[in-house]
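The whole structure should be built from the sequences, with the hints applied where relevant.
From first to last, the protein sequence lines stand for chains A and B. Just add 250 to wherever you are in the first sequence, counting from 1, and you've got the working numbering. Just add 250 to wherever you are in the second sequence, counting from 1, and you've got the working numbering.
For the record, the hints were derived by calculation from the structure and aren't laboratory data. Ideal Cβ placement from N, Cα and C applies to all residues, glycine included. You may find that some hints are simply not true.
[What the hints assert, rightly or not] To give a feel for the contact side, a few chain B residues facing chain A, derived at Cβ under 7 Å:
#1 263
#2 267
#3 269
#4 297
#5 299
#6 313
#7 314
#8 315
#9 326
#10 327
#11 330
#12 334
#13 337
#14 344
#15 357
2 protein chains.
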Amino acid sequence: MSLKLTILGCHSATPRESAHPTSQLLEIKNHTFLIDCGEGTQVQLRKYKIKFSKIKHIFISHLHGDHVFGLIGLISTFRLLNRETEITVHGPKGIKEFIVTQLRLSESYAGYPIKFHELSSKKSELIFEDKKVAVYTIPLSHRIYTNGFMFCEKLGERNLNMTEINKHSGIEICDYQNLKNGKDFKLENGNIIKNSSLTHAPTKPLSYAFCSDTSYNESIIPIINKVNLLYHEATFLNDKIDLAKTTKHSTAEQAATIAKKSEVNELIIGHYSSRYKSTDDFLKEAQAVFKNTQLAKEGKIVTIN
Amino acid sequence: MSLKLTILGCHSATPRESAHPTSQLLEIKNHTFLIDCGEGTQVQLRKYKIKFSKIKHIFISHLHGDHVFGLIGLISTFRLLNRETEITVHGPKGIKEFIVTQLRLSESYAGYPIKFHELSSKKSELIFEDKKVAVYTIPLSHRIYTNGFMFCEKLGERNLNMTEINKHSGIEICDYQNLKNGKDFKLENGNIIKNSSLTHAPTKPLSYAFCSDTSYNESIIPIINKVNLLYHEATFLNDKIDLAKTTKHSTAEQAATIAKKSEVNELIIGHYSSRYKSTDDFLKEAQAVFKNTQLAKEGKIVTIN
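Written as C-alpha cells, this is what we have:
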C-alpha cells in the first residue's frame, strides 16, 4: 500500500513563472485524483508527465481563481485529446455554472461525459467511495464556501501467512480468497483452523487530508485526526497573524498547531504569499511547533508507504 | 513614429510549457494594447517584463479557449495589484457574461472599472479612436463569431522645417503649433509664406492588422490593404488544406496569399498546430508566395519605424 502526492502548484494568488497556484495530484489505490486546478495546471501536468487520461475525479476546494481558473482549460484539453471517459468534478455549488457558461459561450462541448457533484453541506460528508477508497469533505473556514478533502484507503483484505498455510496440505489456492476475507478454515477431519493463525492483519490503511484555504480552525481536528499526511495552507508567517485573520488564511505556526493537535504523522505546508521572498522561515516557524513538517514545492513528490 | 509588437503566445489549442496560446502586445503611439489572452498570458506578461498597469484596452478576437481562457486570471490579478484605472475589454457579444459569471461565482469583484465593449457586427467597424490611433474590426470567417483587429495611427502633425523657419525672424516659437497644423504664415508686411515651404509632410502613419482565427477569406483584403505589418494565422501547412477548410483555419500558403494580394509590407504568421514538430516548413511555404514573411515566436519583438 502506498500513497503518492505530487505538488503541481503551491503558491497563493497570481501565477508567476516559477510560482504556480494550488494544484496537487494524489495517487491512492488505483485512483489518480486531481485536487484544485489553478491557472496553468494542465501545463504542470504535462511537465511532470502525468497522463491526462488517468484523471477521473477532480476535487475543487473553492471557487477562488487560484484554485479553479485552470479547470476550463483542462476540460477543453481533455476534448482535444479525444477523451471519452467520464470525468467527475466535485466542488462547491456553482462549479457547474462556472464551467458550463464558458463552454456554452465558446460554442464548445466536452465530447465526453462530465458529471458535476456540487457540494453545499457545512458538515463533513462522504462524497466518493468505492471498494478501496473513501473521500470525505473537511469543512473549512474561508471567505467563501470551502472544503478540504480527506482521502482514506479502506481496510484491505487480510494478508496470507504462507508459512502457516503451507503446513496444511488441505488448503488450496481456491481457498485463499476466503482466508483473505477473514474466514476460518475447516479441515477434512472437521477440525477448524482459526483465520488469525493463517493470515496477518491487513496493512493499516493510509489517509491524506488536504486543507486549503482556511483560517485557524480547530473544528477540523476530529476529522483529520491521526492522518498519515496533512497538507495545510500556510499563507503567512506569524508576523502577519492579523492579516491571516482578516483574509481567513493561516500562518505556518497555526498550520503546525493543527497538525500537532490532530496528531498527524506528517505535515506539508504551502500556499505561500508572494510577499515573502523565501520559504525558509515558513519551515522554521512550523517545525518549532511540529517537527515532521516539510515545505510544498512544485514538482515535489511525497510518498507514504 | 514606431509600432512595437511583442508575441506572448503563438500556438494553437492547448498550452504547453514552451507553446503558449495566442496573445500579443501592441505598443502604438501612447497605447499598450493586449490582443487575445490565452491561458497563461499573465505569466508571459511578467516574463517579458510588461507593466500590467500600462494595459488599458484588451481586444479579444473570439471566445475559443486558446484566445480567452487567460482573461479572467489577468482581470483578477489586476485587482490584486491594486489597479484603479479603468480597463476596456473589446470582444464578441458574450464576453461580459463570460467574465462576470466567474467573478460572481468566485465572490470576487474587480475593484476598478471594467468596461465591456461587446461586438456583434459582421461588417468592419471603428471600435476605438482617440487623437492619434483608430482601431477597426476585421470580420473573419471562423467556426464562431470572430474579429481580427486593424490598428491605425492617424496622420500626425506636419514636421517643422527649421532651416526655412530660421530664415524668417518674425516666426516665433508660439507660431509653431499653427505651422504644424498646416496653417500658412503671415509676415508683418502682409506677405504670406506657404505652409508647405515651412514644414515637411507628416510622417506616414503606421498600421498593424491582426487576423486570427480564420479560413482563407479574400473579403478582408480591402480592409488590410497595404498595412505595414500583417499577422495572419497559419494553423496548417498545405498538406492539411482540407483540414484547414473543415476547421476554418488557414495554411501558411493561404496566409501568404492574403498578404500578397493585400500588398502588405510584412507578414508574420503563427497559431501553429501542435501536429507539426518544427515551424521551418511554415516559413518555407509562406515565403514561396510572399518573401517578406517571418515566423511568430514567443518573446519575438517586431518593430516598425
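Going through the numbered hints above, which ones does this structure break? Give me the numbers in ascending order.
Numbers 3, 5, 12 and 13, in rising order.
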